[in-house]
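There are 2 protein chains.
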Amino acid sequence: MRINSDRLREHLTQLGMIGCTPSGGVSRASFSAADRQAREYVTELMKKAGCQVYTDPVGNLIGRVEGSRGGPAIVMGSHIDTVPDGGQFDGALGVMAAIEVMQTLRDNNVSLDHPVEVIAFADEEGSYLTGTFGSRAMLGSISADDWNKVVSEDGTTLEQLLVSAGLAPRNLEVRDPSTVKCYLELHVEQGGVLDAKGYSIGVVEGIVGISRYLFTFKGKANHAGTTPMDMRQDALLAACQIILAVPELVKQEGDMVGTVGMLEVKPGAANVVPGEVEFVVELRALEKKKVERVLQILRQKAEGLMDYTFEVRMDKDPAWLTPWVKDIIEQVATERGYSNLRIASGAGHDAMSFAYKNIPTGMIFVPSKDGISHAPDEWTDWEDCGKGAQVLLDTLLKVDEN
Amino acid sequence: MRINSDRLREHLTQLGMIGCTPSGGVSRASFSAADRQAREYVTELMKKAGCQVYTDPVGNLIGRVEGSRGGPAIVMGSHIDTVPDGGQFDGALGVMAAIEVMQTLRDNNVSLDHPVEVIAFADEEGSYLTGTFGSRAMLGSISADDWNKVVSEDGTTLEQLLVSAGLAPRNLEVRDPSTVKCYLELHVEQGGVLDAKGYSIGVVEGIVGISRYLFTFKGKANHAGTTPMDMRQDALLAACQIILAVPELVKQEGDMVGTVGMLEVKPGAANVVPGEVEFVVELRALEKKKVERVLQILRQKAEGLMDYTFEVRMDKDPAWLTPWVKDIIEQVATERGYSNLRIASGAGHDAMSFAYKNIPTGMIFVPSKDGISHAPDEWTDWEDCGKGAQVLLDTLLKVDEN
Chain A
0 MRINSDRLRE HLTQLGMIGC TPSGGVSRAS FSAADRQARE YVTELMKKAG CQVYTDPVGN
60 LIGRVEGSRG GPAIVMGSHI DTVPDGGQFD GALGVMAAIE VMQTLRDNNV SLDHPVEVIA
120 FADEEGSYLT GTFGSRAMLG SISADDWNKV VSEDGTTLEQ LLVSAGLAPR NLEVRDPSTV
180 KCYLELHVEQ GGVLDAKGYS IGVVEGIVGI SRYLFTFKGK ANHAGTTPMD MRQDALLAAC
240 QIILAVPELV KQEGDMVGTV GMLEVKPGAA NVVPGEVEFV VELRALEKKK VERVLQILRQ
300 KAEGLMDYTF EVRMDKDPAW LTPWVKDIIE QVATERGYSN LRIASGAGHD AMSFAYKNIP
360 TGMIFVPSKD GISHAPDEWT DWEDCGKGAQ VLLDTLLKVD EN
Chain B
0 MRINSDRLRE HLTQLGMIGC TPSGGVSRAS FSAADRQARE YVTELMKKAG CQVYTDPVGN
60 LIGRVEGSRG GPAIVMGSHI DTVPDGGQFD GALGVMAAIE VMQTLRDNNV SLDHPVEVIA
120 FADEEGSYLT GTFGSRAMLG SISADDWNKV VSEDGTTLEQ LLVSAGLAPR NLEVRDPSTV
180 KCYLELHVEQ GGVLDAKGYS IGVVEGIVGI SRYLFTFKGK ANHAGTTPMD MRQDALLAAC
240 QIILAVPELV KQEGDMVGTV GMLEVKPGAA NVVPGEVEFV VELRALEKKK VERVLQILRQ
300 KAEGLMDYTF EVRMDKDPAW LTPWVKDIIE QVATERGYSN LRIASGAGHD AMSFAYKNIP
360 TGMIFVPSKD GISHAPDEWT DWEDCGKGAQ VLLDTLLKVD EN
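Those protein sequences? They're chains A and B, same order as listed.
For the first sequence, the positions run 0 to 401 when numbering that gives the first Met the number 0 is used.
For the second sequence, the positions run 0 to 401 when numbering that gives the first Met the number 0 is used.
Be careful, since some hints might not be right.
Where chains are identical, the list cannot tell them apart; a pair therefore holds if satisfied intra-copy or between any two copies.
Derived lysine-lysine pairs resembling DSSO-like cross-links, with alpha carbons at most 30 Å apart [stated by the list, open to error]:
{"id": "1", "residue 1": "Lys219", "residue 2": "Lys47"}
{"id": "2", "residue 1": "Lys180", "residue 2": "Lys196"}
{"id": "3", "residue 1": "Lys196", "residue 2": "Lys265"}
{"id": "4", "residue 1": "Lys368", "residue 2": "Lys148"}
{"id": "5", "residue 1": "Lys250", "residue 2": "Lys217"}
{"id": "6", "residue 1": "Lys217", "residue 2": "Lys368"}
{"id": "7", "residue 1": "Lys300", "residue 2": "Lys219"}
{"id": "8", "residue 1": "Lys288", "residue 2": "Lys356"}
{"id": "9", "residue 1": "Lys288", "residue 2": "Lys148"}
I should point out that these hints are in silico values taken from the structure, not numbers from a laboratory.
All chains, please: the whole structure from these sequences, using the hints.
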């Protein structure tokens, strides 16, 4: 059974025109007018593919087809919201491919043993919370504080925002993990590994944990003209040594990334020796121990350099995906003759919310041209989109037999 | 003949109370209410010391005593304006010590061959232009553009500001350098060399030149999670290598300082690889060749690292002071038994304006406790203040004989 890659292309292109920007990107924040229009389009396609469609109390758009044997559902999900001026593939591909899979089953008069759901999760991009809102809410990972968080300048809370979007978040019933047999998500890589190495399919090993540490070096602000070099405590020089150590240590560990993307020099004048420098070290790895080892060495180095303070800003555990699901994805891709590679996901996805609840979870990546994402230039070749959708269908069929 | 160091202390303390702040500092911007009050106090002291007092068309406050032989004047100057929440010694010491010298001459019924002037220069601290305004204006180093520069948020130009302060800048007659036999300035070091090394008097070799260069490294902003380390062009890592090279190269040259005090990371998010980093390298030396050599190596290094742009932001020549004046200062200090050291001035002073015009110029430094200046904690021991004033008097007498 083959998906129809021309139809998938047509649907993705149509969706990409909703919320499109002058620069050729897409701006479609969750609960925006463009998002509402996109939901209508997705609803229509879901219905055409034979789904019963409904929106849950937090805004997740769900299309469901019952199975002949019943039991827990196989869920195929992703999102249709975007970052401001983002691309047309991130999220959208996963939802449109899942719908294409349902349409292909219908066209072939195939019914599965298990119920199947296609879900477009609300606010994956974190326009209001820190991302993957809809899937976390569905599975009960949103705290009471989160609901009361102010999400716009006029003081609107998250709950008020949802209510004003016609939703009833208080009616949310957290989904029991046992109602999901398996979660599958097709997504663009958003990095450049598959593209650079020439693979069509990535079999996602897991989603890296994210740790962010704020370092503040406390030197002494001094006149840059009158303070001799050997009488200085220049906080920026200390910071630079740590910043340069990050890629070195990260490369030594391998299979992880480390970045300093944020740095502030105080007081920040050309004629004043930096008295204080703040910067954030972000470390991402599938193996938490790697992060811990790098952090330990960075802190030792910092202690040897200057007075400093240290603060954990984020500490998100990695989410390993499920071995038997990964094996199926790898097997079906290989059977189709699609070159494939085991790869870590450096970005967060709705799949994490399922993996954290020990629901069997698998992710399929397709290449992002030059690794570009969250930008108008985001691109995935149509052929690769089709291969990804085909792997999603083949995986669904195998999981259904399982 | 000895100056009266108790009287000097009393006068400096009184002056320091005008514009004093809750934190124990002094806020006395030129042409502010506090500055007007300080001018009245200084005028009174100048008159008591026998000076004819007048304010020139740009606000320089001048007290003059004629000499028995006439001819060009010996000028002792500094300033009484301060940075916001600055200290009570920076500038004020030079003016009050010059007045103390005049008072001592009067008390001892000594009249000199040459006319002597005490000048409190307007806006040395650069509240409106880039510093040393009054001395530059007096000597014709202010451009037409400078006069029209907007100096406050309501659109007031420098000229309008002076007019509203009751001055008539259009009436300014630029002073002919030949009317000044010698310019002398006592000032606190504002650095920590004399204090750390235990010297009472600094014989200033010259005032360093200041060069500022804006480097902009252009890398590639990328997702910090999905971009492997070997596929990045991280502008901050390139910048750090240059920043760390600055102190190394500067120390190799010796007798110079180099600072990166300003740095901006774009886009500046914890989860984005820095795409662009701007920073300013400031180099100060008495010998311009040192600056040129360091800059050349920095640019070579930068070229090897990443695409970058380069812009000269400031290029102020050093001002060497006059050998015979320095010799006199050194000689009189040594005769008094005051430990003394040849030292470069890392900060700009009104003395530069005179040295640039080839007027014989000398500067005397006294120690700044812990090198602190432009801050409430600025401190110079009263004993050192007295020694500085004594050296100023002794130098004046020798120059007058010369």
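To see whether the hints hold, each was checked on the structure:
Taking CA atoms no more than 30 Å apart as the test, Lys219 paired with Lys47 passes in neither setting, with 68 Å inside one copy and 43 Å between copies. Proximity of Lys180 and Lys196 under a CA criterion of 30 Å is satisfied in neither setting, with 33 Å inside one chain copy and 77 Å between copies. For a Cα distance limit of 30 Å, the shortest separation of Lys196 from Lys265 across copies, 29 Å, qualifies, whereas the shortest one inside one copy, 42 Å, does not. Proximity of Lys368 and Lys148 under a CA criterion of 30 Å is satisfied in neither setting, with 36 Å inside one chain copy and 50 Å between copies.
For the identical chains of this complex, Lys250 and Lys217 are neighbours both inside a copy (28 Å) and across copies (23 Å), given an alpha-carbon limit of 30 Å. Proximity of Lys217 to Lys368 under the C-alpha cut-off of 30 Å is restricted to the inter-copy arrangement: shortest distance 21 Å between copies versus 42 Å within a copy. In this homomeric assembly, Lys300 and Lys219 come within 30 Å of each other (Cα to Cα) both inside a single copy, at 19 Å, and across copies, at 28 Å. When the C-alpha separation of Lys288 and Lys356 is checked against a cutoff of 30 Å, the pair qualifies only within one copy, where the shortest distance is 22 Å, while the shortest distance between copies is 67 Å.
In the homo-oligomer, the alpha carbons of Lys288 and Lys148 never lie at most 30 Å apart, since the shortest distance is 33 Å inside one protomer and 59 Å across protomers.
In terms of the numbered hints stated before, the structure departs from hints 1, 2, 4 and 9, listed from lowest to highest.
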